[in-house]
Amino acid sequence: MGISGFGYLIKEGVKNVWNNRIMSIASVCVLISCLVLTGSAVLLSMNVARVVESVGDSNETTVYLKDDVSNVEAAYIGRDLEKLSNVSTVEFYSKEDAFKEYEDVLGEEIFANLQGDDNPLPDAYHISMVDLSKYAQTVSQITAIDGVDSVSNRSEIAERLTSINNLVTTVSLWIILALTVISLFIVSNTIRMTMYSRRFEISIMKSVGATNSFVRIPFVIEGMLMGLISAVLSTGLLYFLYNGIMEVITNIIPITPIPIQNVIAIVAGAFVIAGMLIGALGGFISIRKYLKKEGNEILGW
Amino acid sequence: MIEFINVCKNYSSGTHALNNVSLSVDKGEFVFIVGASGAGKSTFLKLIMHEEEATSGEIIVNGKKLSNMKRRQVPYLRRHMGIVFQDFRLIDKMNVFDNVAFAMRAIGAKQSTIKKRVPYILDLVGLKNKAKSRPSELSGGEQQRVSLARALVNNPEIIIADEPTGNIDPEMSYEIIELLNEINSQGTTILVVTHEHDLVRHFHKRVIELDRGRVVGDSAADDDVTEEDLLVRHEDLLLDESLK
Ligand SMILES: Nc1ncnc2c1ncn2[C@@H]1O[C@H](COP(=O)(O)OP(=O)(O)O)[C@@H](O)[C@H]1O
Ligand SMILES: [Mg+2]
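Taken in order, these protein sequences are the chains called A and B. First residue of the first sequence: 1117, per our numbering; consecutive thereafter. First residue of the second sequence: 344, per our numbering; consecutive thereafter.
Accuracy of the hints is not assured; some may be wrong.
[To be verified] Here are the simulated DMTMM-like pairs of lysine to aspartate or glutamate, each with C-alpha atoms no more than 20 Å apart in a straight line:
1) B:Lys389 - A:Glu1410
2) B:Lys370 - B:Asp561
3) B:Lys453 - A:Glu1410
4) A:Lys1127 - B:Asp435
5) A:Lys1405 - B:Glu394
6) A:Lys1409 - B:Glu372
7) A:Lys1127 - B:Asp441
8) B:Lys389 - B:Glu372
9) B:Lys548 - B:Asp561
10) A:Lys1211 - A:Asp1265
11) B:Lys413 - B:Glu396
12) B:Lys389 - A:Glu1275
13) A:Lys1250 - A:Glu1275
14) A:Lys1409 - B:Glu396
It is worth saying that the hints were derived from the structure and are not from the lab. Since the structure is predicted, the reported quantities are computational estimates derived from the model, not experimental observations.
Let the sequences and hints guide you as you build the complete structure.
Okay, here's the thing in structure tokens:
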């Protein structure tokens, strides 16, 4: 097939979209909804992941030492903690430091009585972790160190955010899957309608010896074109939606969202690829049945 | 060019459309296929085009056995054939030129080739001046000539026409068959199904007669029987049937 042959097929594909424009617009609308929803889900998931990460950075886990640990032993424990690969910062927090924090709460009188050797608080280290998902593993490594009494519960907010992050990711994946199926359904149905309106031409093409792939290409192009149009419109729509939604969210929760400019190119690329793939697949699926038919069968006679 | 060896065709409905048909058509022959409605004439043509597959027996077209032909080879088989339909099958939203060009585009021909070839073929069928017309603006005879032009445009070795004169005036019918005759004289094999005995009688070609799925007469096979005899016999048969 020469270049002119291919040019002809592309023209036929564009014609298909135009001739069946009501249904084409409907499919493009559905595709846009699917792409924008999918894009939003992914961006939301990315934002949550980022919040979790920043909380993880500021997160401090407290490692309490046993009462009878001497200062020298405490220093060794500090070195052991620094050796752990998932521990990024280690800071000694003496029982005096800890006690001072309670000064305001306890009142000066009680405070004075409990100072020095009477201090009931243990020495501790404040540490932070590189990867919070390895929290449990790291904690068991820490408690294995001689002289370590216990490890504080990880900050609750970090834990909750991580589970939200996982939930958002899972839900996003299901949304993407469901929307892909819906998109495929609507696109292939639209193309099936085009095909039905062109069945006469298809029957003639087959009778003069057009190959199945040649008959198929305009319909695949029709699908890809709808996918491309949807991708471009979705990118624009998501751009404006994102800024609006993030404004609302940042008013409620003080987070710094990922700037859309940083990700819009990737989003656009992903939309174009996803849209065109779904379109092509839709065209492919819908014509399969037709290509098996011969002669008058195609026309339904 | 075309060979049928003990071919049977049963449709899933249970109809035995062809029953043990054996015959061969050589390159460059002109063959009329006659027979009552339901005799299996269209089935015979569809088997050649591989629109239907034989239930048993073997069909050889252009040296290729159709029984073990792969699906993807079928389009290339059809490029050796030009098909003319009784109902013309023209696309009315395209003009005459594009209808003919359509057959070339469908097999990926170059635009420059199309521009040269289509006017040449339209001239051949006498429609040079109608290139811009819509099919619906033409007479039945003219429409059938467009259909013929489309069948010819890819330079096939065989023309297959199923009752090409069924929907047009008798005078026009002669013109169409005359055109096919001219094309035949260039070496193209022609198979024509028809009901019109006057036409068959006029052109003195090989006649194959089908009746209920069997070949009951072939002017090439038995020398004693002339086409004339065959046709008289066929008319008698029809008369018999209508009397019943
Ligand atoms: N697609 C089909 N399915 C079932 N029966 C068919 C089909 N096509 C033709 N037939 C039957 O096969 C027989 C031969 O039909 P056909 O070849 O069309 O005859 P002709 O063209 O000589 O009139 C008829 O009885 C017809 O009803
Ligand atoms: Mg018939």
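A quick look at each hint next to the structure:
1. B:Lys389 - A:Glu1410: holds, 10 Å
2. B:Lys370 - B:Asp561: Answer holds: B:Lys370 to B:Asp561 is near 17 Å, not above 20 Å.
3. B:Lys453 - A:Glu1410: violated, 26 Å
4. A:Lys1127 - B:Asp435: holds, 19 Å
5. A:Lys1405 - B:Glu394: Distance ~16 Å between A:Lys1405 and B:Glu394 Cα, so the pair holds.
6. A:Lys1409 - B:Glu372: With a Cα-Cα distance of about 31 Å, the restraint between A:Lys1409 and B:Glu372 is violated, given a limit of 20 Å.
7. A:Lys1127 - B:Asp441: holds, 14 Å
8. B:Lys389 - B:Glu372: holds, 19 Å
9. B:Lys548 - B:Asp561: holds, 11 Å
10. A:Lys1211 - A:Asp1265: Roughly 14 Å separates the two Cα atoms, so the pair holds.
11. B:Lys413 - B:Glu396: Holds, because 12 Å separates the two Cα atoms, which is no more than 20 Å.
12. B:Lys389 - A:Glu1275: The hint is violated at about 72 Å.
13. A:Lys1250 - A:Glu1275: The hint holds at about 12 Å.
14. A:Lys1409 - B:Glu396: holds, 13 Å
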